[in-house]
Amino acid sequence: MYSRALTWWTILRIALAERLVYRGDFALGTLMRFLPIITQIFLWFAVFQARGNEQLAGYSYRDFVAYYLLTMIARAFSSMPGLASGIAGQIRSGEIKKFLIQPIDLLGFLLLGRIAHKLAYYAVAALPFALVFFLCRDFFPGWPSATNLAAGILSLILCFLLGYYLEACMGLVGFWWLEVSSLLFVYMLFSFFLSGHMFPLDMLPEPWKTLVMLTPLPYLAYFPSAVLLGKMQGGELVFGLLAEAGWVVFFIVLSRVVFHYGTRRYSAYGG
Amino acid sequence: MPNHASYLSVFLTFARNSLVRDMTFRINFLIECASSVTWTAMNLGFYLLIFQHTDEIGADTGWGKWEFFAFLATTMLVNSLVQAFFMPNCEDVSELIRTGGLDFALLKPIDTQFLISLEKIDWSSLANFAAGLVLLVVSLVRMTARPESPLVLTPTTVALYVFYVLCGVAILYSLMISLSATSIWLGQNRSLYDFWFYITNFSRYPMEIYDGRWGRPLRWAFTYLIPVLIVVNVPAQIIARPIAPGGSSVWPLAIFALLATAGSLAASRWVFQTALRNYRSASS
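Here the protein sequences line up with chains A and B, keeping their order.
All residue numbers for the first sequence refer to the numbering used here, where the first residue is 1 and numbers rise by one.
All residue numbers for the second sequence refer to the numbering used here, where the first residue is 272 and numbers rise by one.
Do not take every clue at face value.
Claimed, not checked - One-sided and incomplete, this derived list gives chain B residues near chain A with beta-carbon spacing under 8 Å:
no.: 1; residue: Asn-288
no.: 2; residue: Phe-296
no.: 3; residue: Ser-307
no.: 4; residue: Thr-311
no.: 5; residue: Leu-320
no.: 6; residue: Gln-323
no.: 7; residue: Tyr-476
no.: 8; residue: Gly-486
In case anyone wonders, no lab produced these hints; they're calculated from the structure.
Because the structure is a prediction, the values reported are computed rather than measured.
Cβ coordinates follow ideal geometry from the N, Cα and C atoms, glycine included.
Modelling step: build the complete structure from the supplied sequences, incorporating the hints.
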């Protein structure tokens with residue numbers, strides 16, 4: 001037990017050191033990532049002016065700006081750049097063999113790598129994030145209530161796990177397809193629009209909103225942001241958290257099943 | 272003394288070679304076309320959603336639903352042309368410099384900027400050009416057919432529109448080649464390339480939305496210092512909204528756009544040649 005924990009700790013430390021090599025570039029890149037939001041803010045300002053500053057789908061102009069900034073946090077938890085394509089690439093190149101013959105679990109190893117990546121990312125990105133949120137503090141309706149803050153943090157942790165296992169499942173499809181880039185493109189397309197980081201999903205007309213909420217996508221950006229913004233209260237909040245946790249469990253189980261059958265199918269390509 | 276006819280035939284050879292390459296992997300080509308059009312369609316869906324909640328982008332700007340869709344179509348036309356002709360080449364410049372491949376371009380008896388700007392053509396990007404044309408025609412038909420204040424199109428407007436779309440392409444090309452040329456000094460320019468995306472992001476909306484304490488300076492800077500706001504706004508205003516509801520006309524800006532295009536082209540030529548003079552070959 002102890003030696004096992006030691007192994008995982010070592011893996012985490014290696015991954016952490018790897019991620020902190022280019023910290024300056026990292027911090028600058030994070031600040032730059034806020035730039036596209038500027039045009040979005042102007043766009044919504046113009047839309048609200050045309051509406052005579054009337055609320056839109058229950059959001060005021062300030063709520064919109066706050067919502068966009070909060071989705072940046074949610075995306076910082078749920079986005080997994082290169083995870084699925086990396087897994088598929090390892091299957092194709094045969095590199096995955098090392099996980100099949102060594103007593104290391106592939107999904108656990110990559111999860112620790114991602115945790116280390118995210119920890120390093122937050123350590124460096126906290127400053128630019130704090131700066132932007134401080135400059136934009138007037139757009140927020142104030143700190144969320146203690147319940148919403150706790151629920152928001154929980155939903156962020158769940159959205160990290162959801163993002164990880166969802167993408168891992170797609171990468172594992174590589175056991176059957178070898179090349180998953182077209183699948184990833186379709187996923188990216190839908191998640192870009194339906195995870196809510198382009199617009200709050202409350203804007204969607206029925207029955208589309210209900211349909212979209214039945215998919216796991218809203219929990220990657222919309223749900224944590226709405227919770228932190230105080231748009232989710234009471235029963236809706238509890239139901240949302242349960243649904244999010246349900247999706248996490250679903251994708252953990254699915255990834256294990258896919259991995260099990262995938263390795264049965266696997267015939268070592270490459271040297 | 273360069274022979275202009277040979278430039279044309281060299282360009283046609285480039286175009287043919289790229290087409291042959293694209294047609295070798297036909298299914299891949301079709302998938303690329305389909306995916307870029309789907310991406311655009313999703314974007315269109317986003318703006319349709321916005322127009323479910325508002326009649327206009329900005330109060331009294333005249334950018335109603337169909338005017339804005341004509342604007343969006345113009346963005347698609349300009350961007351697809353840039354992506355088809357210049358993007359694949361400018362992306363490669365920093366690689367050419369890093370590997371020393373630029374030596375081979377310098378040795379050819381043809382203008383270097385011409386050679387490295389147009390060598391590859393990404394034909395699949397033109398799928399978005401077709402999609403943009405469809406959207407433009409639909410929006411213009413809607414605007415000319417509506418009962419109140421219908422849009423009047425004349426051959427002159429259409430000709431000017433085409434001309435200013437090409438001016439927009441020229442401005443974006445100048446910006447792109449200048450940024451790639453800086454990689455001669457820097458050795459690499461990946462973050463500058465991100466910078467290009469962030470800058471052109473500003474060109475995708477009507478300039479009227481940049482208003483207020485923060486918006487005005489932004490609008491000024493992106494019109495007069497780095498003229499990316501002109502790229503789409505001038506042709507789109509000419510075809511869809513020649514006179515703003517406030518009464519101001521597009522023509523002063525259109526005249527400035529001529530200067531901006533000529534200026535950008537000249538400046539990028541200067542940047543490129545100055546950078547080239549600092550090129551130290553990396554090859555063996």
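Going through the hints against the structure:
no. : hint    : in the structure
1   : Asn-288 : violated, 25 Å
2   : Phe-296 : violated, 13 Å
3   : Ser-307 : violated, 10 Å
4   : Thr-311 : violated, 11 Å
5   : Leu-320 : holds, 6 Å
6   : Gln-323 : holds, 7 Å
7   : Tyr-476 : holds, 6 Å
8   : Gly-486 : holds, 6 Å
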